[in-house]
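Student: Listed here are the chains, written in short residue letters.
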Amino acid sequence: MPGLPLVDHETATLGCSCNRSRTSGQMCRQQSRGCLTAEEELAAEESLSIYCKPVELYNILQRRAIRSPSFLQRCLRYKILAKRKKRIQVTISIPGSMNPELQPQNIFPLYLVVARPIADIALGEHAAVFGVYRTYFLSSFCEYGKEPEASFVIPEIRKLSTSCGANLNLILVSIGKLSFTAAKIEGNCFWGKIPIESLYSSLNKCVTLSLGHRAEMISTVDMHPSNLKPSFLDQDKCLNFRNQNVDSVSSFKIHVSLCAQEVGAKERSPYDSFSYNDIPPSTLPHIIRLRSGNVLFNYRYYNNRLQKTEVTEDFSCPFCLVQCASFKGLRYHLCACHDLFNFEFWVTEEYQAVNVSVRTDLSRSEALLEGVDPRLQTFYFCSKFRRRIRLQNCTHNVNHMRPHVLELDSPEAAMEGSEDGYLQKGGVSSSSRPISYPGLGAAAHKSMFGEAQLLPIMHRSESYGSENHNIADFTDRIASSPDTATFCVAAAQASTSNEYAHALSGSSLLPSTMLQFARTRRLSVERADPRSRALLTKRQFFHSHRAQPMALAQVFSDHDSEDEVDDDIVDFEDRRMLDDFVDVTEDEKQIMHLWNSFVRKQRVLADGHIPWACEAFTQLHGQDLIQAPALLWCWRLFMVKLWNHSLLDARTMNNCNIILEKYQKESLDHKPN
Amino acid sequence: MAKTGLGCEPAVGSLTPSKKREYKVTNRLHEGKRPLYAIAFNFVDSRYFDVFATVGGNRVTVYRCLEGGLIAVLQAYIDEDKDESFYTLSWACDIDGTPFLVAGGSNGIIRVINTGTEKIHKSFVGHGDSINEIRTQSLKPSLVVSASKDESVRLWNIHTGICILIFAGAGGHRNEVLSVDFHPSDIYRIASCGMDNTVKIWSMKEFWQYVERSFTWTDLPSKFPTKYVQFPVFIASVHSNYVDCNRWLGDFVLSKSVDNEIVLWEPKTREQNPGEGAVDILQKYPVPECDIWFIKFSCDFHFNSAAIGNREGKIFVWELQCSPPVLIARLSHVQCKSPIRQTAMSFDGSTILSCCEDGSIWRWDAIQ
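As given, the protein sequences belong to chains A and B, one line each in that order. Taking UniProt numbering, I'd label the letters of the first sequence as residues 1 to 673. Taking UniProt numbering, I'd label the letters of the second sequence as residues 1 to 368.
Please keep in mind that the hints were generated in silico from the structure rather than gathered at the bench. Honestly, I wouldn't trust all of these hints.
Claimed, not checked - Below, in silico cross-link-like pairs of lysine-lysine (BS3-like), each with a Cα-Cα straight-line distance of 27 Å or less:
#1 337/B with 601/A
#2 253/A with 79/A
#3 538/A with 122/B
#4 314/B with 33/B
#5 223/B with 268/B
#6 82/B with 140/B
#7 33/B with 149/B
#8 589/A with 268/B
#9 223/B with 140/B
#10 538/A with 82/B
#11 589/A with 538/A
#12 193/A with 253/A
#13 33/B with 223/B
#14 538/A with 223/B
#15 223/B with 19/B
#16 122/B with 223/B
#17 119/B with 223/B
#18 601/A with 223/B
#19 337/B with 20/B
#20 314/B with 19/B
#21 205/B with 589/A
All values reported here derive from a predicted model rather than from experimental measurement.
Work out the full structure, taking the sequences as your base and the hints as a guide.
Tutor: Quick look at the structure:
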């Protein structure tokens, strides 16, 4: 498996990646690589090849998932949340200063209705019917301190351009009376609408909206006199305007202040707060879109001394190309779906990055026992223990994330002990049994290899095909900025009583995380095995059924026969049970006994097993049945009974008789000789 | 319950002593304050017929009966666990004839003491709760059987330290097993009784190959394929309360409950239907003031007579094999007032020992 061509392949795969220094610590490693001897280079490349196996596995899993996905990506909660954050919150207010000519008592109370015209009801040209979504209520002008305003959420910008979104209207209804509830508006009124298209076009121009900035605009609405009919469709869900003579005298204009912002604007990571000051406005939206989903992956190898770097777009996972909608989502996805790797996540103003390394503890425990064919091992072992491991992996990541989580508090540090304990426990469980992936033997490795390596290449060309130039610029800037760790250091220093504060305040983030990473890994790999052994030797274990003490060799051996049925004893008890019957002949008892013990040993449990069981039974006992015709007849009678109960089909019964005839013929042939 | 028809009433013994044999107290000693639960003569080895042992608390003591009513202390073993309380003991021996003392109690651990070397030979764990009685197979004295509170009876090979069979499961006892005994001539048969008011007779005929294998087993004892015997061959409901002692008398069974009597009955297994069979009650041996549980009787080597103590410290000696039963003697002493848990009759019945709850041992000798 490992070898030079392979390594070359891997480097080619990561062809577009850069391996540049980011911090001083990184710089050191970079230099150390420069000092590598030829042998070390070779060893380093060899160590890179440990990525091949897990990557292949995930490619296989991914291709399986294409045919039968285990879940729908779009149903993931973080995806839904990320989508919701893109929606736009619009706040509408009517500033008094902009409408000096209007008398407040004339226009207020004012209803703001989000509605959609109902097209299929033709009511003549002077009529309009709207289906109502939401109704808001404005009572007076917006003054300086006090802000009667209505805020509501409309779909994200991309949706607004589609026909579905474009249909929305904001309707202002001014009605003289105040005495009724919003649900029952009727009578003479003035109304005007702000079509969403205009809002869309102005929002679309405002590129900074997607950066979380507010977009403010003024809109003018023409208010027409109208008669509002009582709603007649779905009770309150409909507005029915009967326009009166369109009269420029009676209609008036209102100036409305609109303020739009993305819903998720408040929860922004430091990465998002990057200022794009030096980027020309023409390319800005493009750059923003590209940048926001960019994630840097550093693949560590050669004892973490070296790394390869890759950038993916749209928060997509480098292994299975799934787009994860947000960095948080990517974190969940990686931890959940790619637990053969260790991940460290970190976000700074400059970039969001993931450090990847192969979990050596897992690959070691995958080593199989001698003479054990992994394909013959039962699957549930694997699934059972994988779940546990996944848990463990998550705690790993919680650990690793700590340096860059803002609420870096001492309670969390206090938690560390218990987490370590858990890790060790996890280590015990993972090392106690070999983990096997059925169907992924060496053969799979060989055959899958080519395709496995192809996929990332395709992916890369997709992401970088047209924008190659920009990206190159961009990564350049990231790589050359020397103070990546500043944010983290600041955050860590803010929390005083933390052990990591000491480690971090030195100069860079990396050494500490690496240190911690190395420590936890040592815990799970090296300590787990002797520890579990020590635990097992510490106390006496007993056989579950007979309560006899177990020798140490038995404790460590993988064989446990306690749950097995003792066939001799059960046969004996079965015979004794049959002996109790007084109205059954000896031959019948014999057939009953043979059948009972056959059924027990072969685990014939369901009705559907019966045809197979009959054939196998005939095959097994045919010779004896031929010798004793009385037994043979009992057996035939029994088959007829089964047939009566529709448990046995005629074809199988025929097969059984053919088998018996064959035996009979054989015995006849045998006799003359 | 057993049916009694006309002419089938059990013969009940009379409580007037026949004075056939008279006993007098020849010695009395106090072992301590703790109650003594068991006392037994060594019937396994003819060289040591005059040696007996007692258990009480965490202590096992070996004595010798000397001429003239004297008792000499030979050995005493103190269990390392201070809280251990031994309930039972039995004499046994290795296949080469080394005398062993097997004791068990509240800890559920069976201690096999080699009285030749004065060392613990083996300790058997396996029982889930305290051990109420241990008996030795006199035909193969390295086989012992133990009755436990964990509702099981286990057969052990003390030579190899193997738990051979477990008599428990679907047809087993439904409460503590208080007493167990080997059939004197049928090596496959044992009888057990307990707090579920039944006496169960078990056969290990089909399992005898495992008993034989246990003698030749060279691997670890815990690797031995211990088998469960789930179904007894006979279940008798002779008593309506706890059955705390049973012994074979030939093919008949002597058993006692808390009804002030020992009952001799015959188990009648039907050919067709093993399991629940009929019981024929033959004789009854009244024992007044014997209405508390865990009082056990003992017989001499030939089962000619049996001795049993009662709640008030009296001992009743019955002639077992005559009909109607004859009370040989009633032994009482003004200073013996506390309940007698167990008696021990010497090989020929000339000496009767009793161990009391107040920790005293009384020796009665027949007057020549």
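Student: Does each hint hold? Answer for all of them.
Tutor: Checked hints:
Taken as a hint, the residue 337/B and residue 601/A pair is broken in the structure, with Cα atoms around 62 Å apart against an allowance of 27 Å. Between residue 253/A and residue 79/A the CA atoms are separated by roughly 42 Å; this puts the pair beyond 27 Å, and the hint is violated. Distance restraint check for residue 538/A and residue 122/B: the Cα-Cα separation of roughly 22 Å lies within the 27 Å cut-off, and the hinted pair is therefore satisfied. At roughly 20 Å between alpha-carbon atoms, residue 314/B and residue 33/B fall within 27 Å of each other, so this suggested pair holds.
This hinted pair does not check out: residue 223/B and residue 268/B have alpha carbons roughly 38 Å apart, beyond 27 Å. Note on residue 82/B and residue 140/B: the hinted pairing is violated, with a Cα-Cα distance of about 33 Å set against a maximum of 27 Å. Taken as a hint, the residue 33/B and residue 149/B pair is honoured in the structure, with Cα atoms around 25 Å apart against an allowance of 27 Å. With a C-alpha separation of about 26 Å, the suggested pair residue 589/A and residue 268/B falls inside the 27 Å cut-off, and the hint holds.
Between residue 223/B and residue 140/B the alpha-carbon distance is near 23 Å, which keeps this suggested pair within the 27 Å criterion. In summary, the hint linking residue 538/A to residue 82/B is supported, as the alpha carbons are separated by about 23 Å, within the 27 Å threshold. For the hint linking residue 589/A to residue 538/A, the alpha-carbon distance of about 51 Å lies beyond 27 Å, and the restraint is violated. Annotation: proposed proximity of residue 193/A to residue 253/A holds, straight-line Cα distance about 11 Å (limit 27 Å).
Taking the CA atoms of residue 33/B and residue 223/B, the gap is near 42 Å; set against the 27 Å cutoff, the hint is violated. The suggested pairing of residue 538/A with residue 223/B holds, with an alpha-carbon distance near 21 Å, which does not exceed 27 Å. As the CA atoms of residue 223/B and residue 19/B are separated by approximately 56 Å, the hinted pair breaks the 27 Å bound. Note on residue 122/B and residue 223/B: the hinted pairing holds, with a Cα-Cα distance of about 17 Å set against a maximum of 27 Å.
Between residue 119/B and residue 223/B, the direct Cα distance comes to roughly 25 Å. Compliance with the 27 Å bound is thereby established for this hinted pair. Proposed proximity of residue 601/A and residue 223/B is supported: the alpha carbons are some 23 Å apart, at most 27 Å. Note on residue 337/B and residue 20/B: the hinted pairing holds, with a Cα-Cα distance of about 25 Å set against a maximum of 27 Å. This hinted pair checks out: residue 314/B and residue 19/B have alpha carbons roughly 16 Å apart, not beyond 27 Å.
At roughly 21 Å between alpha-carbon atoms, residue 205/B and residue 589/A fall within 27 Å of each other, so this suggested pair holds.
Of the hints listed earlier, those the structure fails to meet are numbers 1, 2, 5, 6, 11, 13, 15, in rising order.
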